[in-house]
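Using the sequences and the hints given, assemble the complete structure.
So the sequence shown is numbered by this note's numbering: it starts at 35 and just counts up by one.
Keep in mind that the hints are not guaranteed to be accurate.
Below, simulated DSS-like cross-link-like pairs (lysine-lysine); rule was C-alpha separation at most 27 angstroms, straight line [said to hold, decoys possible]:
| no. | residue 1 | residue 2 |
| --- | --- | --- |
| 1 | LYS70 | LYS117 |
| 2 | LYS55 | LYS95 |
| 3 | LYS70 | LYS55 |
| 4 | LYS65 | LYS55 |
| 5 | LYS146 | LYS95 |
| 6 | LYS61 | LYS146 |
| 7 | LYS117 | LYS95 |
| 8 | LYS116 | LYS70 |
| 9 | LYS61 | LYS116 |
| 10 | LYS70 | LYS146 |
| 11 | LYS95 | LYS65 |
| 12 | LYS108 | LYS146 |
| 13 | LYS117 | LYS146 |
| 14 | LYS95 | LYS61 |
| 15 | LYS117 | LYS61 |
Have a look at the derived ranges for each label pair, beta carbon to beta carbon [as the list claims (entries may be wrong)]:
| no. | residue 1 | residue 2 | range |
| --- | --- | --- | --- |
| 16 | PRO67 | LYS117 | 29 to 39 angstroms |
| 17 | PHE77 | GLU54 | 14 to 24 angstroms |
| 18 | LEU124 | LYS146 | 14 to 24 angstroms |
| 19 | ILE114 | PRO67 | 29 to 39 angstroms |
| 20 | ASN66 | ALA96 | 17 to 27 angstroms |
| 21 | VAL101 | GLU134 | 14 to 24 angstroms |
| 22 | LEU69 | SER128 | 12 to 22 angstroms |
By construction, these hints were calculated from the structure, which means they are not laboratory data. C-beta: ideal position from N, C-alpha, C; glycine also.
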Amino acid sequence: KLFGGEPANFLDVGGGATAEKVTEAFKIMLKNPGLKAILVNIFGGIMRCDVIAEGVITASKAVQLGVPLVVRMKGTNEEIGKKMLADSGLPIISADTMEEAAQKVVAAANGK
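The structure is reproduced here in structure tokens:
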């Protein structure tokens with residue numbers, strides 16, 4: 035809300051963010067007709083960022099997202115995870131901070 039957006043949904047997939055869980059999460063969110071963008075915020079403490087990145091990539095391909103996807107990740111294997119997202123060939127928008135992620139998802143939702 036700070037940057038002019040309005041959250042449409044909150045969904046926590048928990049510590050075991052497998053490709054299947056992320057895919058189901060995306061499917062649930064995509065049922066909302068008001069959805070304009072998705073923000074995935076990950077702190078990879080227990081779950082490694084590279085494993086989560088693989089789940090996000092697999093899920094994005096499986097559901098064929100029709101909305102912008104912004105991903106912010108911090109934690110174990112963060113750089114590997116970020117590289118995986120960047121090299122995926124998918125239009126995933128990366129952010130380093132929560133503030134940057136919020137700004138980017140609002141801009142993407144508004145078509146900027």
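Structure-based check of each hint:
At most 27 angstroms may separate the alpha-carbon atoms for a hinted pair to count; LYS70 and LYS117 meet this at roughly 25 angstroms. Using a Cα cut-off of 27 angstroms, the hinted pair LYS55 and LYS95 holds, with the two alpha carbons roughly 14 angstroms apart. A threshold of 27 angstroms between alpha carbons decides the hint, and for LYS70 with LYS55 the separation of about 21 angstroms falls inside it, so the pair holds. As the CA atoms of LYS65 and LYS55 are separated by approximately 16 angstroms, the hinted pair is consistent with the 27 angstroms bound.
As the CA atoms of LYS146 and LYS95 are separated by approximately 23 angstroms, the hinted pair is consistent with the 27 angstroms bound. The hinted pair formed by LYS61 and LYS146 meets the criterion: a straight-line CA distance of about 24 angstroms does not exceed 27 angstroms. A distance of roughly 17 angstroms separates the Cα atoms of LYS117 and LYS95; the hinted pair therefore holds under the 27 angstroms criterion. Restraint check for LYS116 and LYS70: the C-alpha separation of about 23 angstroms stays at or below 27 angstroms, so the hint holds.
This hinted pair checks out: LYS61 and LYS116 have alpha carbons roughly 23 angstroms apart, not beyond 27 angstroms. Taken as a hint, the LYS70 and LYS146 pair is honoured in the structure, with Cα atoms around 12 angstroms apart against an allowance of 27 angstroms. A C-alpha spacing of about 17 angstroms is found between LYS95 and LYS65, which places the hinted pair at or below 27 angstroms, so the restraint holds. Between the alpha carbons of LYS108 and LYS146 the distance comes to roughly 25 angstroms, so the proposed pair stays at or under 27 angstroms and holds.
Distance restraint check for LYS117 and LYS146: the Cα-Cα separation of roughly 24 angstroms lies within the 27 angstroms cut-off, and the hinted pair is therefore satisfied. Annotation: proposed proximity of LYS95 to LYS61 holds, straight-line Cα distance about 12 angstroms (limit 27 angstroms). Among the hinted pairs, LYS117 with LYS61 is consistent with the structure: their alpha-carbon atoms are about 25 angstroms apart, no more than 27 angstroms. Remark: the range hint 29 to 39 angstroms for PRO67 to LYS117 is upheld by a beta-carbon distance near 34 angstroms.
Checked against the hint of 14 to 24 angstroms, the C-beta distance between PHE77 and GLU54 comes to roughly 21 angstroms, which is consistent with it. Between LEU124 and LYS146 the C-beta distance comes to about 19 angstroms, which sits within the given range of 14 to 24 angstroms. Checking the proposed 29 to 39 angstroms range against ILE114 and PRO67 shows it holds: the Cβ atoms sit about 36 angstroms from each other. Restraint check, ASN66 to ALA96: a C-beta distance of roughly 18 angstroms satisfies the suggested window 17 to 27 angstroms.
Remark: the range hint 14 to 24 angstroms for VAL101 to GLU134 is upheld by a beta-carbon distance near 19 angstroms. Distance hint check: the CB atoms of LEU69 and SER128 are about 20 angstroms apart, consistent with the given range 12 to 22 angstroms.
Comparing the model with each numbered hint stated earlier shows that all of them hold.
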